Amino acid sequence: MMELLLLPASIRSDVPFGYWWHLLIFGLGIITLLLTSVIIFIWLERRLVGRFQLRHGPNRAGPFGLLQSVADVIKILTKEDIIPSRADKLVFWMAPVIAFTPVVLMLGVVPVADGALLADLNIGILFVVAISSITSLGVFMAGWSSYNKYSLLSAMRTVAQLVSYEMPLILSMVGVVILTGSLSLNEMVKAQSVPFILLQPAGFFIFFTASLAEINRTPFDLLEADSELVAGYNIEYSGMKFATFYLTEYCEAIVLATLTATLFLGGWQGPWLPPMIWLLLKIGLVFCGIVWIRATLPRLRIDQVMNFAWKFLLPLAILNLLVTSLSVIFWPAAPAWASGLINLGMLAVFILTYSKFFKPGGKTVAV
Amino acid sequence: MAIKTEPMFLNLGPVHPSTHGVFRMRALVDGEVITDIEPVFGYLHRGIEKLAEGKSYRQFLPLSDRLDYVSSMNNNMAYVMAVEKLAGIEVPQRAEYIRVIMAELQRIIAHLLAIGSFFNDMGTFFTPFFYMFIQKEKITDLFEMVCGQRLLYNYMRFGGVSHDLPPEFIPALTRFLDEMPAEIKKYERLLAENEIVLARSKNVGVLTREMAINASAAGPVLRASGVNWDIRKDDPYSIYDRLDFTVPTGTNGDCYDRYRVRVEELTQSLNIIRQAVDGLPKGKVLNPVPLRFRPSSGEVYSHIEGNKGELGFHVISDGSDKPYRIHVRAPSFINLTALRNMLIGWKLADAIIIFGSIDICLGEVDR
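Taken in sequence, the protein lines are chains A and B.
So in our numbering, the last one in the first sequence is 373, and the numbering has no gaps at all.
So in our numbering, the last one in the second sequence is 376, and the numbering has no gaps at all.
No lab work stands behind these hints: they were computed from the structure.
Just to be clear, a hint being listed does not mean it is correct.
[Unchecked claim] Derived pair list, reagent style BS3-like, types lysine-lysine, alpha-carbon separation capped at 30 Å:
#1 Lys194(B) / Lys13(B)
#2 Lys145(B) / Lys155(A)
#3 Lys145(B) / Lys291(B)
#4 Lys211(B) / Lys317(A)
#5 Lys95(A) / Lys155(A)
#6 Lys317(A) / Lys13(B)
#7 Lys291(B) / Lys155(A)
The structure presented is a predicted model; accordingly, all values stated were derived computationally and were not measured.
Please model the entire structure based on the sequences and the hints provided.
Spelled out as structure tokens, the structure:
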């Protein structure tokens, strides 16, 4: 199985029905891997958060509590599926599907080894960006159709957050695109003889922060801010539909980890171990980082989230783009340490300048 | 161009994760901004003051535990002191010292919980809460040693306390006193200078000095507004005039100051306990008082510095063995007086942490 998976895309023309075999293997592979890894990552997150909070985390069901997520799935599938009587039923039904599907699609362009990916689109990264926004539409539909004031507030926050963070996210990816000279994710991984996190620390910082906001993780988890909005957009969902949202959330985290690993950590590249294992290890590492942030940081307020995106991340992303382009034009043969240092220096100067103008706290709105 | 918006009523509570019980706020929100708010009380009304009229003085003692259930020792002490003043009962010195030790330990518990849930409201996903809960449990163990209970202690009696300290208590207490300063330092390192904490709580929910005094706020809420008023200093009771401690005050009266004042008070409480343990005299802990006694008719008001502010008992006797009327000056309730002024104009997320920083206990608000 492993050998088949790792075959480059050129196999399609060699074997009969090669194209269809390729689709089948990768389609099934992505979905099974994603769903099983969600179960494992939920367990991992709960265990890790437990450790961060000086407690054990789930450890009763199965060895090390590994079966806890399975038990949760069984429980949630047998729950009653409730639809509020005043809800917009069609939208209410469609929302989980619309939220979930694009997340799976995004994995289709991520290589697990050289050339081993579902579709080696030459516009790979553009596809990811385009598709990733659709999830927020599903979230908005869920919040809007539930006929609940909390979920309505959550839906409004979704739109605000999506609009703000899409820009720096895309601009930070452009830095990588400039260095690679290609939009294909496969080419990007191959171009990383030195992982881009070393060449583009600022880009990595922007990308990671902005995608934390995109997937609604702490400190940007305003959509489901449980201390304010109780559960946010999915407050009226139960049973399988709720499970789909939950699944979406974790799949998004995994996809974010995958993209971070692919764009900045060298993807499947690495010595000794098979490429796919390297990719999985890197995904796990990034995911642990996300969990660490979740267990540590408080949540920002909605206007602070907006300010952070428009007044800090966006200028930083533009600056990063500018500096990267200039260095590619004028010093194309720059050694890795030099471009890394330039980027880091830019980040430091920007943050220091910004902190001069940044004042904590807030102000009331005149009513 | 201004967009035409429509205000919407948002019901926060009585069942909501951040209302610290069953408090309810009917908020009129314009988008995220709160334009009007109406607190609704009484969901936990148990008629404790009325119940007192049908019980003997001693029978009311366990009920006083149930006022502010995270500071039972303080409630006990306030009530017991009021009745002692009414009936002229003497208290042995050792009992006074033990009472002060218990009251200060209880203050540490309540402040730890207040700080922990304040950060929970801010969205830290329970991590500070668990850190503080671990220390809280250690104090609870100490209380269990003394009186066998872990939440509602019913430990104090008219004329002293119910049991003397067991021999293992003082070593365990000393161990706790030795390790607690390091713990406080740890909380400080993790939270006090966190950028998001500063951004969320500095200058948020300002209660000015005048407003605080006019609303007759008390305790940390008043002191954070810069008023140096602590009944332990300004109207010393028990043995507080013999102890050396300072009263921490804030300057701005914002959420951050309220949190700071509580943290400083932790250290001061440890300080007080250390002095009380050093000066603990030998002797009996309970002066015999008849089971049913009849104080001569009259009325008395006695107050102590509870963990949330001035906790006073107004007891009226008509010469029988039952109180004619007991009124509790519940600091949680009175601190809420300024709530509306503090909340209007702030965003929903701010409202939650402003409310959390006042630190109320519904058992005491509704009685």
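Structure-based check of each hint:
With a C-alpha separation of about 50 Å, the suggested pair lysine 194(B) and lysine 13(B) falls outside the 30 Å cut-off, and the hint is violated. At roughly 37 Å between alpha-carbon atoms, lysine 145(B) and lysine 155(A) are farther apart than 30 Å, so this suggested pair is violated. Only pairs whose Cα atoms come within 30 Å are accepted, and lysine 145(B) paired with lysine 291(B) is accepted, the gap being roughly 28 Å. Taking the CA atoms of lysine 211(B) and lysine 317(A), the gap is about 20 Å. The hint holds against a cut of 30 Å.
Taken as a hint, the lysine 95(A) and lysine 155(A) pair is honoured in the structure, with Cα atoms around 17 Å apart against an allowance of 30 Å. Under the criterion of a C-alpha separation no larger than 30 Å, the hint pairing lysine 317(A) with lysine 13(B) is consistent with the structure, at around 26 Å. Between lysine 291(B) and lysine 155(A) the alpha-carbon distance is near 62 Å, which puts this suggested pair outside the 30 Å criterion.
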